[in-house]
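Chains as they are written, first to last, in this note's numbering: chain A, 1 to 104; chain B, 105 to 235.
It is worth saying that the hints were derived from the structure and are not from the lab.
There could be a bad hint or two in this list.
[Claimed, not checked] Here are the simulated lysine to aspartate or glutamate pairs, DMTMM-like style, with alpha carbons at most 25 Å apart:
| # | chain 1 | residue 1 | chain 2 | residue 2 |
| --- | --- | --- | --- | --- |
| 1 | A | Lys34 | B | Glu152 |
| 2 | B | Lys185 | A | Glu24 |
| 3 | B | Lys175 | A | Glu63 |
| 4 | B | Lys166 | B | Asp213 |
| 5 | B | Lys207 | A | Asp40 |
| 6 | A | Lys34 | B | Glu208 |
| 7 | B | Lys204 | A | Glu26 |
| 8 | B | Lys156 | B | Glu183 |
| 9 | A | Lys34 | B | Asp147 |
| 10 | B | Lys164 | A | Glu97 |
| 11 | B | Lys128 | A | Glu97 |
| 12 | B | Lys154 | B | Asp200 |
| 13 | B | Lys164 | B | Glu186 |
| 14 | A | Lys28 | B | Glu186 |
| 15 | B | Lys166 | B | Glu134 |
| 16 | A | Lys34 | B | Asp178 |
| 17 | B | Lys164 | A | Glu48 |
| 18 | A | Lys69 | B | Asp178 |
| 19 | B | Lys204 | B | Glu116 |
| 20 | A | Lys16 | A | Glu97 |
| 21 | B | Lys171 | A | Asp9 |
| 22 | B | Lys207 | A | Glu48 |
| 23 | B | Lys207 | B | Asp178 |
None of the values given here were measured: they were computed from a predicted structure.
Each chain is listed here by its residues.
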Amino acid sequence: MNQWNAWFDQLTQQGKIKSAHPLEHEGKIVAGKKGRSVADGPFAESKEAIGGYFLLQVEGFNEALGIAKKCPALDYGMSVEVRPVAAQCPTFQHAGEQVAYMTA
Amino acid sequence: MAKMTTPTITSEYMLLFRGMHWDKNLSPEEIQNVMSRWIAWFDRLTQEGKAKAGQPLTEKGKIISGKKGQKVVDGPFAESKESIAGYILLQAATLDEAVKIAKECPGLDYGISVEVRLVDQQIGRGFAVSV
Chain A
1 MNQWNAWFDQ LTQQGKIKSA HPLEHEGKIV AGKKGRSVAD GPFAESKEAI GGYFLLQVEG
61 FNEALGIAKK CPALDYGMSV EVRPVAAQCP TFQHAGEQVA YMTA
Chain B
105 MAKMTTPTIT SEYMLLFRGM HWDKNLSPEE IQNVMSRWIA WFDRLTQEGK AKAGQPLTEK
165 GKIISGKKGQ KVVDGPFAES KESIAGYILL QAATLDEAVK IAKECPGLDY GISVEVRLVD
225 QQIGRGFAVS V
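Assemble the whole structure, with the sequences as input and the hints as a guide.
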């Protein structure tokens, strides 16, 4: 925990963390038309369950990757997924491009 | 409108949208229609003070694991129905209210699922209560 706090505090001081929180274990998964299926989730034992997030402000993807590699919990089985935040939803962007192409 | 004598205590909930290829069998016009509804939904939630933030994520990314993060693989698997496409950070009174909002997601009709999680108010420091 001390390693985690040290890592987190350093990133905060550097102004790289826009927001960060652990997520409570309980939750729900909503699916199906009009969201009619509401199930308990996620399965907390699963290695895929999301424990929390950091929203980073950094120069580029490689910097985010470098920060993620320093996560102290990696040594204990945690994995870290690094995703760039998109300016616009990629699906929407593709659809817009296709429509523009077809109407051009 | 009922008079509120005490302020409602709210908490933060994370909506995680899973499933990136929901648009597979839709025409571009249908996709744009869904996206317009999505944007209107998000704008309304923002105006109501319920959505604090929300962003889509690009399809690319990496997954790091193993000691010292030595294993770096491409991820997530974009075909997967579990891949996270984006998030909305909500301010809501209860989990039930957050679930009710999640049910309004226009992408649900097309195979997107929404994971609703209560945000732990401890700022990222450790994932357990520190003594």
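Exercise for the section: Could you tell me which of the numbered hints above are not met by this structure, giving the numbers in increasing order? Expected result: 4, 8, 15, 16, 20 and 23
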